[in-house]
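Chemist: As you go down the protein sequences, you meet chains F and U in turn.
As numbered in my numbering, residues 1 to 333 make up the first sequence, in order.
As numbered in my numbering, residues 1 to 286 make up the second sequence, in order.
Keep in mind that the hints were calculated from the coordinates and are not lab data.
Ideal placement from N, C-alpha and C gives every residue a C-beta, glycine not left out.
Honestly, I wouldn't trust all of these hints.
[Unchecked claim] One-sided and incomplete, this derived list gives chain F residues near chain U with beta-carbon spacing under 8 Å: (1) Trp23; (2) Glu27; (3) Leu71; (4) Thr127; (5) Val131; (6) Ile187; (7) Leu188; (8) Val191; (9) Leu264; (10) Leu313.
[Stated by the list, open to error] Here are the simulated EDC-like pairs of lysine to aspartate or glutamate, each with C-alpha atoms no more than 20 Å apart in a straight line: (11) F:Lys91 - F:Asp125; (12) U:Lys218 - U:Glu125; (13) U:Lys137 - F:Asp290; (14) F:Lys44 - F:Asp290; (15) U:Lys137 - U:Asp91; (16) U:Lys137 - U:Asp108; (17) F:Lys208 - F:Asp125; (18) F:Lys91 - F:Asp258; (19) U:Lys253 - F:Asp253; (20) F:Lys286 - F:Asp258; (21) U:Lys218 - F:Asp253; (22) U:Lys253 - F:Asp171; (23) F:Lys208 - U:Glu125; (24) F:Lys91 - F:Glu27; (25) U:Lys218 - F:Asp171; (26) F:Lys91 - F:Asp171; (27) U:Lys218 - F:Asp290; (28) U:Lys137 - U:Glu125.
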Amino acid sequence: MIGPGSGSLTAAVAYHLARRAHWRGLEIAFWAITLLTIFLLPGKHLILTEIAILGLFALSLDLLIGYAGVLSLGHAAYFGFGAYAAGLFAKHGIIGEPFFALLAAGLATAALGFATSFLVLRGSDLTRLMVTLGVSLVLREIANRYDGLTGGADGLQGITVAPLFGRFAFDISGHVAYVYSLAVLFILFLVARRIIYSPFGLSLRAVKGNPLRAAAIGIGVNWRLVWIYTIAAAYAGIAGALLTQTAQFCSLDVLSFDRSADLLVVLILGGTGYLYGGLIGAILFKLAQDWIAGITPQYWQFWIGLTLVVIVLVGSERMAGLLGPIRKLVQKA
Amino acid sequence: MLTILFDGVAYGMLLFVLACGLSVTLGLMNFINLAHGTFAMAGGYVAVVVVNRLGVPFFAALPLAFVIPAVLGVILERTIYRPVYARSHLDQVLFTIGLVFMSVAAVDYVAGSQQVFIQLPRALEGQFNVFGVGIGKYRLLIIVICGLIGVALQYALVHTRFGSRLRAAVDDPRAARGLGINVNVVFAITFAVGSGLAGLGGALGAEILGLDPQFPLKFMIYFLIVVAVGGTSSVTGPFLASLLLGISDVAGKYYVPKLGAFVIYTIMIVVLLWRPQGLFSRGSTR
Chain F
1 MIGPGSGSLT
11 AAVAYHLARR
21 AHWRGLEIAF
31 WAITLLTIFL
41 LPGKHLILTE
51 IAILGLFALS
61 LDLLIGYAGV
71 LSLGHAAYFG
81 FGAYAAGLFA
91 KHGIIGEPFF
101 ALLAAGLATA
111 ALGFATSFLV
121 LRGSDLTRLM
131 VTLGVSLVLR
141 EIANRYDGLT
151 GGADGLQGIT
161 VAPLFGRFAF
171 DISGHVAYVY
181 SLAVLFILFL
191 VARRIIYSPF
201 GLSLRAVKGN
211 PLRAAAIGIG
221 VNWRLVWIYT
231 IAAAYAGIAG
241 ALLTQTAQFC
251 SLDVLSFDRS
261 ADLLVVLILG
271 GTGYLYGGLI
281 GAILFKLAQD
291 WIAGITPQYW
301 QFWIGLTLVV
311 IVLVGSERMA
321 GLLGPIRKLV
331 QKA
Chain U
1 MLTILFDGVA
11 YGMLLFVLAC
21 GLSVTLGLMN
31 FINLAHGTFA
41 MAGGYVAVVV
51 VNRLGVPFFA
61 ALPLAFVIPA
71 VLGVILERTI
81 YRPVYARSHL
91 DQVLFTIGLV
101 FMSVAAVDYV
111 AGSQQVFIQL
121 PRALEGQFNV
131 FGVGIGKYRL
141 LIIVICGLIG
151 VALQYALVHT
161 RFGSRLRAAV
171 DDPRAARGLG
181 INVNVVFAIT
191 FAVGSGLAGL
201 GGALGAEILG
211 LDPQFPLKFM
221 IYFLIVVAVG
231 GTSSVTGPFL
241 ASLLLGISDV
251 AGKYYVPKLG
261 AFVIYTIMIV
271 VLLWRPQGLF
281 SRGSTR
C-alpha cells in the first residue's frame, strides 16, 4: 500500500533496512578468519572444502526455513540435481569451464525449483513435508533408473573437470578447490545477505510470521514463496555442483534422504534465521562427524538422532543460548 | 487382473492399519510424528523374535505385536513426546526424525541390517482359485483382519462415548477441555492404540512389505501420503486413501514396471493439484 504520497515512509523503511544491513565487526572477523584458513591450514583444505559446500547447502535451507518458514524434508533433491547437472556438463564436455558450468547447473536447478515450487507451496506443513520428500524420492528413483545417463547405483564416473578459467587446474590436495568453493560461498552469501535486507526479505519475514495476515495487508504471499523457493533451489544446486566439481565424482548418495535430514541437523546445530547458522552448523557438524566416525563409524546415525532429540527437548532456544551472544551481535546494530 | 486388484487391496489394507493411528494423532494434536514407522517396526520385530526364536504360534504373536508397541507408545508419549506438542512443526520434525534415526541404528545394532522373515504357519501358505482368480491365503487373512479392524475403528469412533470425545477433541481441543473432557488422557489412549495398530500392521506386513532396520524411513512417505491424501480425523478418509495407494502401487509395479514407483507420486501430485487439503478432508485443516 505504499503510494506516491508515502515517500517519507519509504525513506524510513529504507533507512532501517540500511541500518540493519550494516556490517558488524564480528561478521568481518568471521570472514577474515575464514580467509586466513586458506593460508594457515593448508593441510586441512579437503575437509574445509566439504565444510564450505555443506555451509552453502545449509544456507540455502536457511533461506527457506529461517526466512520463509517453509519446511522441507527433501532439499537434497536440488543439491543432487545440481550435482548431476555439473557432472554431466563436465563428462560430456557440454560446458567445459567449471565456473560457467556451475552457473549453468545453478540455473537448471533454479528452473526445477521454480517448477516444483507450485506443488510445494500448496497446503499445510504436512503436505509440504510429503511433497518435498516425494520430489526428492522421485529424483533419486529417476537417477537410479536411467543408469545409461547417470550411471545408476555405480555413480557418474569419468568426470574430468577442466582447469578453472582455463588457468587453475584442480590439484590433489584441494587448494584450488577450497579457494574456489570459498569464493563461491562468499559471493552467494553476499547475495543472500542483500536479499534478506531488502524489502523483499522483510516481507518474507512477515509471510513467515503469519501468512494470512501478510496476505491481508497486501503482500503477495504465493509469488514471494515461489521466488524464495526458486532461489533456495538454485543455491542448493550450486552447492551440489561444487561437490561434483571438487570431488570429480557424483553418486546416488547426493539425492538420499539422509542428506536432507543431515542438513536439518546442520541447520539446527547452528540456528536458523541469521544467515550464519548454516555456516557455523556445518563446521560443528563436520567436526563432530570426524570425531564420532573415529570412535564408532557404523552407528553414526544413532548419535545424530540422539543429538536431534536432545536439542529439541532441551529447547533449541536454550541450546542457541551458547551461540546467543554471537547471534545478537550479528543480528542487531 | 483381479489377482492384482486383490493384492492391491491387501496391500492397501495393510497401509491403512499401519497409518490410521498417525492420521488420528495428527488430527488430534496437530503433531507431526514421522517416527510412526518406528512402532510398526517394533511390532514386526516383536513378532519375528517371538515366532522364530521362542516358537510361539503366529496367531498368538499378533496380540503381542500389538501390545508391546502400544506400551512403548504410551511410555514415550508420557515422557518425551509431551514436551514437544507445543513446539513448532520444525522442532517436531527434527525430534521425530531423531527418534527414527536412533531406532534404525539401534535395531541395526541388535538385529543386524539384513531383512528378516517370519515363519508363517503352513496353513497360510499357497493360494487357491475362485473363478480363476488366484487368492493368496495369507493376503486373504490380512484383508479379513484389517477389514475387521477398520470396521471396529469406525464403530468405536462413531458409536461409542470415547469416540465422540475423541471427535470433539479433534475438532476443537480447547472447547473439549472446557466441556470437561480430559483431552490428555484421550490422546494418550489414542496414541497407544495407534502405535499398537502400527505394530500389528508391521507384524502382519513383515512378509509382504519386507522388514529391515530401514523400515521407518522407507515407509515414511507412504504414511505421509495416506494422511495427507486421506485427511485427518476420520477413518474412512485414510481407509480410502490407503486402498487407492495400495492398488495403484501394486498395479503400477505390475503393468508398468519401468515406471513402478512413479505411479504413486504421480497420483499424489494430481491429488494435490486438485484438492490441496486432501481428498477426503472435511473442509479446512488446521
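Chemist: U:Lys218 and U:Glu125 were given as a pair; does the straight-line alpha-carbon distance stay at or below 20 Å?
Modeler: The given pair, whose Cα atoms are some 26 Å apart, is violated under the 20 Å limit.
Chemist: Are U:Lys137 and U:Asp91 close enough, with their CA atoms no more than 20 Å apart?
Modeler: violated, 44 Å
Chemist: Are F:Lys91 and F:Glu27 close enough, with their CA atoms no more than 20 Å apart?
Modeler: Distance ~38 Å between F:Lys91 and F:Glu27 Cα, so the pair is violated.
Chemist: For the pair supplied as a hint, U:Lys137 and U:Asp108, confirm whether the alpha-carbon distance does not exceed 20 Å.
Modeler: violated, 31 Å
Chemist: Assess, step by step, whether the Cα of F:Lys91 is no farther than 20 Å from the Cα of F:Asp171, and give holds or violated.
Modeler: holds, 18 Å
Chemist: Can the restraint linking F:Lys286 and F:Asp258 be considered satisfied, given a maximum Cα separation of 20 Å?
Modeler: Judged against 20 Å, a Cα distance of about 15 Å means the pair holds.
Chemist: Can you confirm whether the C-alpha distance between U:Lys218 and F:Asp253 stays at or below 20 Å?
Modeler: With a Cα-Cα distance of about 15 Å, the restraint between U:Lys218 and F:Asp253 holds, given a limit of 20 Å.
Chemist: Are F:Thr127 and chain U close enough, Cβ to Cβ, to be under 8 Å, as the hint says?
Modeler: holds, 5 Å
Chemist: Given the hinted pair F:Lys91 and F:Asp125, is their Cα-Cα distance within 20 Å?
Modeler: violated, 39 Å
Chemist: Does the nearest C-beta of chain U fall within a distance shorter than 8 Å of the C-beta of F:Glu27?
Modeler: This hint is violated: F:Glu27 lies away from chain U, its Cβ roughly 25 Å from the closest one there, beyond 8 Å.
Chemist: Close enough to count: is the Cβ of F:Val131 nearer than 8 Å to one in chain U?
Modeler: It holds, given that the least Cβ distance between F:Val131 and chain U is near 7 Å, below 8 Å.
Chemist: Would the stated hint for F:Leu313 survive a check requiring a Cβ distance to chain U of less than 8 Å?
Modeler: holds, 6 Å
Taken one by one, the earlier hints fail for this structure at numbers 1, 2, 6, 7, 8, 11, 12, 13, 15, 16, 18, 19, 22, 23, 24, 25, 27, listed in ascending order.
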